[in-house]
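Plus 4 on top of the position in the sequence shown (first one is 1) and you've got my numbering.
Note that these hints are calculated values from the structure, not bench results.
Don't be surprised by glycine CBs; every beta carbon is placed ideally from N, CA and C.
Check the hints yourself; a few may be wrong.
To be verified - Just the calculated beta-carbon pair ranges, DEER-fashion:
1) I288 <-> Q236: 15 to 23 Å
2) T218 <-> W197: 16 to 24 Å
3) Q200 <-> A233: 21 to 29 Å
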Amino acid sequence: MGDDPELADDLGVLGAGAEANARECERIVRRDDRDRWLATLFAPAEARPALFALYAFAAEIARIPERVSEPLPGEIRLQWWRDALEGTREEEARANPVHAALTDAIARHALPRAPLLAMVEARIHDLYDDPIASVNDLEGYAGETSSVLMRLASLVLAGEGEADPASERALADAAGHGGVAYALAGLMRAFPWHVQRGRLYVPPVETLQRHGLTRDKVVAGEGGLPLQAALQDMRALAREHLARARAALASAPAATKPAFLPLALVEPALKAMERPGYDPYRTIVELPQWRRQLVLWWAARRM
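Full structure from sequences and hints, please.
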């Protein structure tokens, strides 16, 4: 991607500083969010700098809990991003390539800042070991960390012009449901790492209780068959949201479809978790890159 002449031509109009910022954002996304990096290759070159800025911002704040050993330093780093987005650290924030690229994307594409601030707020949860209480809370967390990205990416790709109310509703529904489906699949894939760190995102407490489990028992590695059943409930929930997202996408503008390409990777991940021998504590569900590329290529052809 770094040698993509089409992207290079587009970046050339940004100026040297903006081009360097865009390159750094691309590097971060390629390293930390391979699925969205691959999906962005199918977007028009002129939209890629803004998409990479959004995804790099999301990746940077998502990594904060991994970089700190106590919640307080994490809260301070998240507060820095909150201040930067609100413009109270303008001079300092200008030196941060991700923030600089994000600010440019916000200006170029008239993106709202409120969803970005909500994303920062949602990441506070990741600093603590508290489990998610209910399915409704889980969907809210996924909406503020994943659906927001799909919605903002769709705004970048939609471009300027008068928005058709029906298309707007379709995009909002597709992003809302699609983000939840994608986040649920990702949280289930990350289950082994989360429990090793004493954290539990899925299943939420109310689902665990329905299957006779507690958070402590699951984190201790004693989930057994009841945990498998609870995770099956989560896969069913992910498929429900995925189906609703796909139905909404049928009415969405074709130009916005690259924002939703990562949804093509949800079902293969869910199926991998349903193969014989799957152990949520030990099985790492990771599609080979060649397969991810093939799935995304096929999905892009059908847009």
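Quick rundown of the hints versus the structure:
no.: 1; hint: I288 <-> Q236: 15 to 23 Å; result: 19 Å, holds
no.: 2; hint: T218 <-> W197: 16 to 24 Å; result: 20 Å, holds
no.: 3; hint: Q200 <-> A233: 21 to 29 Å; result: 22 Å, holds
Hint violations for this structure: none, all hints satisfied.
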